[in-house]
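S.K.: In order, the protein sequence lines correspond to chains A and B.
FYI, in my numbering the residues of the first sequence are 1 to 554.
FYI, in my numbering the residues of the second sequence are 1001 to 1369.
Hints in this document: simulated from the structure, not taken from any laboratory.
Careful: at least some of the hints might be erroneous.
No farther apart than 25 Å at their CA atoms in a straight line, the calculated lysine to any residue pairs in the SDA-like style are these [what the hints assert, rightly or not]:
1. Lys381(A) x Tyr1014(B)
2. Lys466(A) x Lys1105(B)
3. Lys1105(B) x Thr11(A)
4. Lys549(A) x Pro1132(B)
5. Lys1075(B) x Asn13(A)
6. Lys1102(B) x Val473(A)
7. Lys1075(B) x Pro451(A)
8. Lys381(A) x Gly1015(B)
9. Lys466(A) x Met1091(B)
10. Lys470(A) x Asn1103(B)
11. Lys1075(B) x Met472(A)
12. Lys1134(B) x Met475(A)
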Amino acid sequence: MKLGKKNKFNTWNGLTIIILVFFAVFIIFPLFLVLKKSMIDTQTGEFTFTYISKFFERKFYWVTLMNSFKVTVVSTFLSVAIGLPIAYLMRRVKVKGSKIIEILIIISYISPPFIGAYAWIQLLGRSGVITSFFNNTLGLEFEGIYGFSGIVLVLTLQSFPLIYIYISGALKNLDNSLNEAAESLGYSNIQRFFKIIIPLIIPTILASSLLVFMRVIADFGTPMLIGEGYRTIPVLIYTQFMSEVGGDDGFAAALCAIFIVVTLVLFLIQRMVARHYSYSMSALKPMITEKSTGMKNILSHGFVYLTVLLAILPQLVVIFTSFLKTEGGQVYTGGFSFDNYKNILFGKNLSVILNTYKMGLMAIIIIIVFGILIAYLTVRKRNVITSILDTISMFPFIIPGSVLGIAFLFAFSDKPLAWSGTAFIMVMSFAIRRMPYTIRSSTAIIGQISPSIEEAAISLGASETKTFVKVMVPMMMPGVMAGAIMSWITVISELSSSIILYTNNTQTLTVSVYTEVIRGNYGNASAYSTILTLTSIISLLVFFKLTGKKEVSV
Amino acid sequence: MSVAINIEDVVKRYGDQTVINGLSIDIKPGELFTLLGPSGCGKTTLLRMIIGFNSIEGGAIKIDDKVVNNIPISKRNMGMVFQNYAIFPHMNVKDNIGFGLKNKKLDKSEIESRIADILKVVQIEDFKNRMPDKLSGGQQQRVALARAIVIHPKVLLMDEPLSNLDAKLRIEMRNAIKNIQQQVGITTVYVTHDQEEALAISDRIAVMNKGIIQQVGKPKELYERPSNLFVSKFIGTSNVIKAKVERKSDDVYLQFSDGYTEQIRNISDRATNNATVLVSVRPHEFIISTDQDGIKGIVQNNMFLGVNTHYFVELEDGNKVEVIQDAEVAEIIPEGQSISLKVKTNRVNVFDVENEESLIEEGVANEVG
Ligand SMILES: Nc1ncnc2c1ncn2[C@@H]1O[C@H](COP(=O)(O)OP(=O)(O)OP(=O)(O)O)[C@@H](O)[C@H]1O
Ligand SMILES: [Mg+2]
Chain A
1 MKLGKKNKFN
11 TWNGLTIIIL
21 VFFAVFIIFP
31 LFLVLKKSMI
41 DTQTGEFTFT
51 YISKFFERKF
61 YWVTLMNSFK
71 VTVVSTFLSV
81 AIGLPIAYLM
91 RRVKVKGSKI
101 IEILIIISYI
111 SPPFIGAYAW
121 IQLLGRSGVI
131 TSFFNNTLGL
141 EFEGIYGFSG
151 IVLVLTLQSF
161 PLIYIYISGA
171 LKNLDNSLNE
181 AAESLGYSNI
191 QRFFKIIIPL
201 IIPTILASSL
211 LVFMRVIADF
221 GTPMLIGEGY
231 RTIPVLIYTQ
241 FMSEVGGDDG
251 FAAALCAIFI
261 VVTLVLFLIQ
271 RMVARHYSYS
281 MSALKPMITE
291 KSTGMKNILS
301 HGFVYLTVLL
311 AILPQLVVIF
321 TSFLKTEGGQ
331 VYTGGFSFDN
341 YKNILFGKNL
351 SVILNTYKMG
361 LMAIIIIIVF
371 GILIAYLTVR
381 KRNVITSILD
391 TISMFPFIIP
401 GSVLGIAFLF
411 AFSDKPLAWS
421 GTAFIMVMSF
431 AIRRMPYTIR
441 SSTAIIGQIS
451 PSIEEAAISL
461 GASETKTFVK
471 VMVPMMMPGV
481 MAGAIMSWIT
491 VISELSSSII
501 LYTNNTQTLT
511 VSVYTEVIRG
521 NYGNASAYST
531 ILTLTSIISL
541 LVFFKLTGKK
551 EVSV
Chain B
1001 MSVAINIEDV
1011 VKRYGDQTVI
1021 NGLSIDIKPG
1031 ELFTLLGPSG
1041 CGKTTLLRMI
1051 IGFNSIEGGA
1061 IKIDDKVVNN
1071 IPISKRNMGM
1081 VFQNYAIFPH
1091 MNVKDNIGFG
1101 LKNKKLDKSE
1111 IESRIADILK
1121 VVQIEDFKNR
1131 MPDKLSGGQQ
1141 QRVALARAIV
1151 IHPKVLLMDE
1161 PLSNLDAKLR
1171 IEMRNAIKNI
1181 QQQVGITTVY
1191 VTHDQEEALA
1201 ISDRIAVMNK
1211 GIIQQVGKPK
1221 ELYERPSNLF
1231 VSKFIGTSNV
1241 IKAKVERKSD
1251 DVYLQFSDGY
1261 TEQIRNISDR
1271 ATNNATVLVS
1281 VRPHEFIIST
1291 DQDGIKGIVQ
1301 NNMFLGVNTH
1311 YFVELEDGNK
1321 VEVIQDAEVA
1331 EIIPEGQSIS
1341 LKVKTNRVNV
1351 FDVENEESLI
1361 EEGVANEVG
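Make the full structure from the sequences, and use the hints.
M.R.: Okay, structure coming up:
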């Protein structure tokens, strides 16, 4: 509305300023400190490149960057190699139980990767169930799956669902008459897949692989648990920052800065790719799933079932072991019991569980309120400042969690903003990290609401505020909630910045799982982790039930 | 009770592009006034200036002699019906209609009774508890209309309200709108680019082109006596052919091709002897002649439509014209046949070849045999 320009100091301008200040304090300021510390000598206070060059001078350091790249490239490639055919098969072939399979895939996607790492250690680790079985029966000396292959296994199984969800969405919008046209021109099934389907979904494949790339490269928990000697950048950052002896802020900051540059470049590539290759497709006649027969049918089912089983296996293992009897929480003694649950619910401080819900809820409220406002401002009140908001609000996509954690400690340890160690700082880190999901889906839904709806309300005498509250917000809700559910689930499974920011009073479920695993207390870890998984699953099912949807916006 | 709208010399700029430059219209109380013009001519822009969604860069808009330029939209008390209806999808029919009323400080009972009345007027009582996605296009249209007029606005504005409906429903709804507007008696500004719809629905029409008003008048006036060539071509079908003015003592003749000449009585003095003029002939203003006198042409196509027959005739100079003949008059003329066309000069319109303005004098001997 053109009128908005005249009265400069309206509510919207006020909100824009508030959000800008919020971002300045919680994103720009901490990041600025990281950059500053990476280039200012801690002792002398002078400008220096020593921290940054230190990284590139010693192989011990820079090899972690190579490791990160190797792990990430291979996992991303494998994720596509698995996610793409599954998405295609599920759209093309009638697979029995496809509804459940879809939900299982989403569940395996939403669980924190490090839980997968620890579950796979229980199966294929040095003394894992499967390892022991083969070593004992076949007399092998398999050392267990650690290092590169362990990380790749865990992260691939955790990431292919993202590829699946994206490609499945793209295939839904692919008009089957294109397929039929090619068939009538004499192309076989396989030929059509490579000549028609793949080229049309290339943009989606690229976009989703880059998302996987970003997630995998920034993942901290998995390489920490299963990597053993194989160190990646997030592990290096964490250990450098946390190590009691050489805890060198300057060097840790330099690592963070280097890492941000890497993720920033990836992000820009992703933006470019997304803008460059995008066909707008809308299917008049979507692909239909057909019953297939014989070998093809068996192979399709086998492939889908096996992969999904592998993906969901960590969750099953964790739930199963949470009910096993243990000796001192460490050694399984056979038989079932609720001891682990008794232990964590009554033996220990219950606040770990309550903290997770309390802080998570506070974060999600902030996320929803800010998400709605930011999306509305950037779409409907576009100007220079709101465009800046738009850009800053996507920063968290490129800031790895461990970097954000360290940046927060840099920024909020001294007066006047001495918030470190408080629940407030945990809530803020959750809110900042997981807000983009909600902003993105809210922005998308505003794009679908015609501006004349708002004009209608205003022409009927409603004020701008009333129009927003009574008309826009209710209409935006489905989109907001689709993003908020992802924000919520990823908030409660957040590890990489919590592990840096938590104290005894603000310990969360994920942090507890992690610390119990590190202590070798698998019983408690499994019980915590089961509670976390159940929370996610129940949240997801409630969301499906309430919205009547079967999809989340990832 | 109804108000007049006076638009005086208004200017609209988008950046440095001037879309409307000094436009004036006076709309009378209670009339259904239509802005008609081709796409992009500025109809929506003008309508949105009246309600206040667009700023006004110059001139004034007055409602009952009060300048409204700087009154906020919510205080202008105008109802608007949008092209896409803009029904709130999360509210049922009743809540949609009641949305504007709840904003005013009215009694519950007053609100209820007003809603009940308007539901009756627009004939959607049966659907009052339905959600909008369970309504047909025409029903949604009625909700939008009811929602706009239930607040008793001073002015009702409609921007192409029928363009999302199919042809049949369009006709049904335009009659409904016309009836409801008359019943409520509210000053209405209606925007369309469909000339047939404009003719059918309006008390008066302003024909616009490129941000400029070409002519304002009753539908019949515009159709029969367009003031320039643009209006003549935009409203109804017009065949434009060239002719030469021939003045003999006091009489004026139009000389067409093939030596065919016909007297014309109501032409202006500005049409000087020997001047070339453009003659706009409606399809039924041709007479297919049986004798040799007339403009020669060959029937290329015939189309029997029951009430009448349409012919597409190629003239000897290569021009193609459309001719309509009442069906009962004669046999259908086969394609390929040569014919002569005479012109009913008492009805045709004549335009200056240079500025395309009309050369017809109103009120001069209209009735000729
Ligand atoms: N927000 C805007 N910014 C810049 N130019 C605009 C804007 N809105 C309209 N215009 C321009 O103003 C002119 C008139 O537009 P308007 O929408 O009023 O046309 P219209 O007569 O309603 O056409 P239609 O029949 O297609 O709806 C067009 O040239 C259009 O491109
Ligand atoms: Mg328009």
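S.K.: Failing hints, ascending?
M.R.: Of the numbered hints given earlier, the structure breaks none, since each of them holds.
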